[in-house]
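K.L.:
Place chain B on chain A using the hints.
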Amino acid sequence: MTKGLLIDYTWCTGCHACETACKRELGLPREQFGIKLAEYIWPMDEGKDFAHTDNWQYTYFPMPLDACDLCEERTAKGKLPSCVHHCQANCLFYGEIEDLMERFLEHPRQSLFHL
Amino acid sequence: MANIELEKASHLIPEFRYREDGMNVTRGSVWSGPGCHEGCGVLIYTDDDGKLIKVEGDPENPFNKGRLCSRCLALHEVVNSPERLRHPMKRAREDRGKDKWERITWDEAFDIIYERFSDIKERYGAEAIACCFGTGRDIVPWIYRLAYTIGTPNTIFTMSGMSCYLTRVLGCIASTGCFWVGDYSQQFLRRYEDPRWKRPDTIVVWGNNPLVANADGMYGHWAVDCMKLGSKIIAVDPRVTWLAAKAEVHLAIRPGTDGALAIAMLNYIISNDLYDHDFVDKWCYGFNELAEHVKDFTLEKAEEITYIPKEKIAKAALMIAESEGSILQWGVAFDMTKEALPASQAAFAIFVITGQIDRPGGMVMPTEILRFVGGWGYEELILGKHQDMIDKRIGMHEYGLLNAGIMACSTDRWIEQMETGEPYKMAGIWIQTTNFLACTSPDPKRTLAACNKMEFIAAVDMFMTPTIMALADVVLPVSAFTEKVGLRVGDGFQRCETINRASDPGDTRSDVEINMTLGKRFDPEAWPWERTEDVFSAVIKDCGGIDMTYEDFQELAPGYQPFEYYRYESGKLRADGLPGFNTRTGRIELWSTYYSSVGLEPLPYFEEPIPGPVSTPELLEEYPLILTTGARSWFFFHSEHRMIDSLRSRHPWPRIQMNPKTAEINGVSDGDWVWVENHRGRCKRKVEITPIIDPRIVMADHGWWLPEEPGDFDEGLFGLWDMDINNLLKWQAGRAGVGSNYKTMLCKIYKAEPGDEHNTWTREEAYSYVPREDD
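Protein chains in written order, with this note's numbering: chain A, 241 to 355; chain B, 451 to 1225.
Bear in mind the hints are in silico, worked out from the structure with no lab data behind them.
Idealized CB from N, CA, C, for every residue including glycine.
Any given hint might turn out to be false.
So, partial list: chain B residues that the calculated Cβ filter (under 8 Å) puts toward chain A [said to hold, decoys possible]:
| # | residue |
| --- | --- |
| 1 | L523 |
| 2 | V674 |
| 3 | A702 |
| 4 | R1100 |
Bound-form chain A, shown alone (with noise of 0.2 Å):
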């Protein structure tokens, strides 16, 4: 009965609900997050010039950091964890372990996290 959370992170579009909810929900201080998005951003067509680059890297991951415990009050009650409540890519999702495998392996890129 293992919970975790599945970051779906070719969807993330960095817009950084996941930290602001989660700031809140664990009442952390300006400097700490719980969850803390990650950014890699290069253009992939050596030696063009900008107006024909065509494939970027362009990602964006939510990192789930030491202060995540899932969310272990909401969750008790039946709520999601306030990033995955909030995510407006739709592309965190909280549960069984055994549940999210099944999304998990539908399609690569993707990541799984539990405590």
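P.N.:
For chain B alone, kept in the frame of chain A given last:
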């Protein structure tokens, strides 16, 4: 009254107020302040003292389905901020710009405002008073009604050329009979599951970054929902945004050349016979004239102007033409160029001739309760009681387009009129929910000096702003949306959403309550209501034609009005019930009879932005970079939120984004403070090096001021003169009176030296300011 059947969302807990874990929960909608263009469904959590604890997204609301952006998730910090204005205040006119505010009661505040405006009315006429508003706030209908109650027709949206949204709205109303928005299924309770809806084949994200901007009633992440369902993105943006990076084709355009791109696409679609013959033959006027007019605008020519490779333009045009359902997801980049009207006209025409109008997954006409851009009360109050004001609306004689369906004035002419007193004197300003010196106004020194000539200025806001500190004689504290009752009658589809009071407003009052209380002083008949709820009941009945009260709406919300596609075929777009569109010719006018009748070019054209690399090559040596401004931040609504720590700490300083090559050439590094300067002025920005922008172009944030710095005029007015990118801009409207160059400038950048921090401007200088010669 027509009996309109509203489809009602179902809620697990039927009541809109309930208890949960010792907290009070109030379900409702967001609108406003702080400002927002949306109206997401929210659950507002408060304690028993009426203090706001938090806001969460309402998973049962079909609009956002539980999702929220950072600004609502940090709303408790805004509402509970110690920086908020909590009581009315006044100061002497000679103390403008000084922090010499004195707390007063609401009664005294209304007494002063009533007496001073009445005095101005008596001496110069009511038209000498202008009522100013900003964007994304629950204010437009109420401020118009207040203005009309006072007896002035002068309602001012504080941007040069009203160059945000109104340009596109006006152009569309004049040539198609109404405004159109993308069909993301937002009109249906069941959203993407509604069998009538079809997902768009393509979404053309043009001059808009909807994920961040959430403009015009479009929840930005609907575009992502549609991508998951298979929609392809075509992005037109000088920067590689997330949507542009994931797009099927990204057209990295030179700012201000959207008109050239659109005209070339029209030519490509027409000359390659890719257009929808049936729709064009039956429902369009002036197609042959358009075809002839655009025929020399080749892809090669467009490539030279726009910087976009011609193969990409052709690919995008073909994709739109082949789409069964294509959305034009356009934004302010259209409005924020001087010749905005013809550029918007050309872009919209692409979607007309490819048959994307009023079809599933295309462009649809929103159902509304109140068409808020037209204001509220003009017929009753100006036509009914103040006929002498009909011809006094600023700019209406010079700009015939302003008579096409909105009631705002020419802001550019208003500035001139304050300076010259011609054709009549201006003497008073009512400022409600706009911080124009820091946000919307070009050449803020000129604006400040012009406004400062006014005898009396009153303002309403949630926080002290540079605009209020510099100019106001009386300031009134306004409630946040959790502290008031309201009705969401803004952009896009209006979904019978109510804003329900959840937290204690203290000594603040809502915008509409302020307008009603002041309005009653001038003319009790114009505001025959006791409570603000009664105001909304009147709007629901009289404007919406729905036989319900505000309280009914609170129980129902959100409620969905009936919607059909292809209304032009069934005669439901026209008052006379005939098939067609609500234009003179009954067709969508590609050759605009309205434009022609008011002395404007009836067909779209492209004009180079001035200044620019093509129009003013002589400036390039000194100012070699193309400057675009105003890309939105995840953490701020325009000039708001700078005092909210959890938001500000994640976007602490105003940025200028530039390519690594640009930084290298200019000898600057990531994080350096630089001056951004052109022949009109300068401001400071912090360098952000990023590959997402063309080396020839830089992008500077807008709306910046520093609430933590001293507010006194002589100490920098909250750092305004250092931070305001609009120091580089100029008041100048396009030929039609709409559009202005906010996003298309030239500049240079150089490191800011230590000790060079304060670009100040003293009160003495402001009082003796003479507007610079035109350039």
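K.L.:
State for each hint whether it applies.
P.N.:
Hint-by-hint comparison with the structure:
1. Given the 8 Å rule on beta carbons, the hint for L523 of chain B holds: about 4 Å separates it from the nearest Cβ of chain A.
2. About 5 Å separates the beta-carbon of V674 of chain B from the nearest beta-carbon of chain A, less than 8 Å, and the hint is met.
3. Nearest Cβ of chain A to the Cβ of A702 of chain B: about 6 Å, under the 8 Å cut. The hint holds.
4. Restraint check, R1100 of chain B versus chain A: the minimum CB separation of about 7 Å is within 8 Å; hint holds.
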